[in-house]
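Enquirer: Read off the chains here:
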Amino acid sequence: MSVIGALATASFREAFRNRVTVVLGVFAVVMILLTSVVLNTTVFTLDRAVTDFGLGVMSLLLVGLTIFLSAGLLTREIERRTIFLVVSRPVSRAAFIFGRYLGTLVTLLLLQAVMTGLYLLQFALFDVPLTQAVVAALLGLVVELVLLTAIGFFFSSFSGQLVSGVSAVGLYLIGHLSGDMYLVSRTNESPVLASLARIGYYVLPNLDRLDYRVTAAHQGTVHWGEFAGSCAYGLVYAALLLLAATLIFDRRDFK
Amino acid sequence: MTDVAAVSCAGLGKVYRLGVRAKKVRALQGVSLTVAPGEVFGLIGPNGAGKSTTIKILLNLITATEGEAKLFGVDVRDRKARVSLGYVPESPSPYEHLTGREYVEFQAALAGISGPERTKEVHRVLERVELGPLSRVAIRRYSKGMVQRVMLAGALLGHPRLLVLDEPTSGLDPLGRRLVREVILEQRRAGAAVLFCSHIISDVESLCDRVALLVGGNIKREGRVGELISGSGRTHEVVVDAAASEVQSLVGALVEGLEEVSGQAMFRVGSDGLQRVLHALVTAGKRVERVQPIRFSLEDTFLAEMQSTASRVGGSLE
Numbered sequence: 001m002s003v004i005g006a007l008a009t010a011s012f013r014e015a016f017r018n019r020v021t022v023v024l025g026v027f028a029v030v031m032i033l034l035t036s037v038v039l040n041t042t043v044f045t046l047d048r049a050v051t052d053f054g055l056g057v058m059s060l061l062l063v064g065l066t067i068f069l070s071a072g073l074l075t076r077e078i079e080r081r082t083i084f085l086v087v088s089r090p091v092s093r094a095a096f097i098f099g100r101y102l103g104t105l106v107t108l109l110l111l112q113a114v115m116t117g118l119y120l121l122q123f124a125l126f127d128v129p130l131t132q133a134v135v136a137a138l139l140g141l142v143v144e145l146v147l148l149t150a151i152g153f154f155f156s157s158f159s160g161q162l163v164s165g166v167s168a169v170g171l172y173l174i175g176h177l178s179g180d181m182y183l184v185s186r187t188n189e190s191p192v193l194a195s196l197a198r199i200g201y202y203v204l205p206n207l208d209r210l211d212y213r214v215t216a217a218h219q220g221t222v223h224w225g226e227f228a229g230s231c232a233y234g235l236v237y238a239a240l241l242l243l244a245a246t247l248i249f250d251r252r253d254f255k
Numbered sequence: 001m002t003d004v005a006a007v008s009c010a011g012l013g014k015v016y017r018l019g020v021r022a023k024k025v026r027a028l029q030g031v032s033l034t035v036a037p038g039e040v041f042g043l044i045g046p047n048g049a050g051k052s053t054t055i056k057i058l059l060n061l062i063t064a065t066e067g068e069a070k071l072f073g074v075d076v077r078d079r080k081a082r083v084s085l086g087y088v089p090e091s092p093s094p095y096e097h098l099t100g101r102e103y104v105e106f107q108a109a110l111a112g113i114s115g116p117e118r119t120k121e122v123h124r125v126l127e128r129v130e131l132g133p134l135s136r137v138a139i140r141r142y143s144k145g146m147v148q149r150v151m152l153a154g155a156l157l158g159h160p161r162l163l164v165l166d167e168p169t170s171g172l173d174p175l176g177r178r179l180v181r182e183v184i185l186e187q188r189r190a191g192a193a194v195l196f197c198s199h200i201i202s203d204v205e206s207l208c209d210r211v212a213l214l215v216g217g218n219i220k221r222e223g224r225v226g227e228l229i230s231g232s233g234r235t236h237e238v239v240v241d242a243a244a245s246e247v248q249s250l251v252g253a254l255v256e257g258l259e260e261v262s263g264q265a266m267f268r269v270g271s272d273g274l275q276r277v278l279h280a281l282v283t284a285g286k287r288v289e290r291v292q293p294i295r296f297s298l299e300d301t302f303l304a305e306m307q308s309t310a311s312r313v314g315g316s317l318e
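Those sequence lines, one after another, are chains A and B.
Okay, so the first sequence: first residue is 1 according to the numbering used here, each after it adds one.
Okay, so the second sequence: first residue is 1 according to the numbering used here, each after it adds one.
Calculated directly from the structure, the hints in this document are not laboratory data.
With a straight-line cut-off of 25 Å between C-alpha atoms, the simulated SDA-like cross-links for lysine to any residue are:
hint, chain 1, residue 1, chain 2, residue 2
1, B, K80, B, G112
2, A, K255, B, S93
3, B, K120, A, P90
4, B, K120, A, R13
5, A, K255, B, G19
6, A, K255, B, K24
7, B, K80, A, I248
8, B, K80, A, S2
9, B, K80, B, R118
10, B, K120, A, S2
11, B, K144, A, R13
12, B, K24, A, F158
13, B, K24, A, I78
14, B, K24, B, G48
15, B, K120, B, R136
16, B, K70, B, K220
17, B, K120, B, Y142
18, A, K255, B, L33
19, A, K255, B, R79
20, B, K80, B, K120
21, B, K23, A, D250
22, B, K220, B, T34
23, A, K255, B, Y16
24, B, K80, B, L33
25, A, K255, B, E90
26, A, K255, B, R140
27, B, K286, B, V239
28, B, K80, B, T119
29, B, K286, B, S271
30, B, K70, A, F254
31, A, K255, B, G30
32, B, K70, B, D209
33, B, K23, A, F158
34, B, K144, A, E77
35, B, K80, A, D250
36, B, K24, A, S159
37, A, K255, B, N218
38, A, K255, B, G67
39, B, K144, B, E130
Full structure from sequences and hints, please.
Expert: Encoded structure:
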């Protein structure tokens with residue numbers, strides 16, 4: 001097993017032996033199954049309720065877990081001094097970050113795969129058609145998790161757990177308001193505010209591009225070329241954040 | 001390769017910045033030392049003396065602000081410098097979700113040991129630290145001594161040419177301490193260098209070939225243990241068949257700690273004054289019962305050096 005493989009496996013084991021992950025996993029199962037209850041109370045059509053509620057619960061839980069696992073991970077390693085036992089080996093700090101990132105991501109994607117399995121089971125049970133938009137929403141969530149994990153690692157490379165967590169949540173929320181930010185940059189009368197909104201729109205991660213939940217709920221059409229572009233954007237953004245995290249972490253003293 | 005020093009530092013310095021106002025603390029200044037293969041080198045000093053800072057620079061956990069540090073002739077910032085290194089940190093906290101065996105397997109992977117060799121090595125080191133079936137229990141359930149054994153097992157993987165131990169015997173029971181001492185001596189016999197940092201000076205004295213005393217980020221004394229002890233000045237305890245008042249009147253100015261025990265005077269005198277004191281007493285017709293050299297310990301040297309440097313603890317603010 002390579003160094004990165006060993007680090008990824010350690011991260012994976014840690015996440016799965018962590019009770020919070022287990023609790024969240026159980027919670028996810030319960031919430032998805034509760035869709036059945038929602039179906040009896042909602043005024044929307046059956047198809048929309050199943051699609052929307054399942055995607056919403058999955059997204060909420062996975063985003064929460066992503067921020068919990070990634071933001072503060074590097075700081076936790078330094079505070080607990082576990083990192084001393086890794087970087088005192090012939091392991092570069094870049095390999096450390098990449099290995100830990102990979103392990104966290106594998107954990108999240110495995111959870112998403114299990115949740116998706118349950119979700120699709122509901123589709124079969126309620127005879128809901130699986131549309132292209134639902135597939136796009138599920139794949140978009142994958143890329144969103146890739147990006148959000150990188151955001152957590154980036155903040156964790158230079159700040160404490162609380163600051164990292166709050167910053168990652170803030171960036172997640174802002175990232176989903178990119179469309180509104182663009183609107184402000186085009187229509188606001190204040191040139192300062194318009195400029196700030198424009199800078200924010202271009203610099204901050206645009207998570208709205210990866211969000212196909214509304215399209216899925218309304219059984220809208222997916223333009224796959226545009227979707228591929230959005231995914232590429234998310235992956236490149238994540239790679240840049242990881243690179244920045246590595247550069248910062250490489251210069252950091254572990255006191 | 002055997003001629004290359006396992007550890008070599010020259011003019012090592014470290015300044016930490018504190019807070020947003022960028023106050024600076026100098027934790028280390030001009031530290032130079034070398035550790036040869038097959039040598040056990042001890043770093044002693046009070047809290048905040050710079051021992052851990054020195055070790056952290058050597059392991060590339062922090063970057064020196066001045067000077068250079070090398071392991072086996074390779075700059076410590078190059079990961080190749082740590083290819084043959086075993087490390088046990090102070091108050092270790094490994095990944096507690098892993099079992100002891102999983103932790104050692106993880107360390108073996110990081111050390112680049114793979115395939116059947118890994119299985120063999122993991123088995124060997126776990127046997128050496130006598131962890132037995134407990135290696136399959138999660139580390140979070142281990143006592144401090146067991147954690148230390150696992151740490152030691154990880155450090156011994158791949159027969160390292162340099163072992164860095166930061167307070168390895170602190171808080172251990174006598175069995176654990178004996179194990180650590182045995183491992184250190186085994187490594188020395190195998191030709192590995194051991195850099196050993198401890199507050200337990202008796203351990204340092206009995207295990208180390210050479211010692212450096214760090215105070216306030218500077219090396220105050222360095223040398224072989226015997227040299228440091230003899231350099232403290234030899235003192236003798238003398239017992240004379242006479243009253244203390246008589247000895248006081250004859251040689252009172254030359255002796256220390258004069259007291260009377262069971263009708264005999266007992267006092268201490270340094271090597272310089274011994275002959276004069278004995279001559280004066282014999283000339284006065286007093287019978288000298290016993291002259292015994294007092295052996296100074298490394299701890300005495302340590303305390304004397306601390307007193308002479310006003311016991312400054314921690315680095316200096318700049």
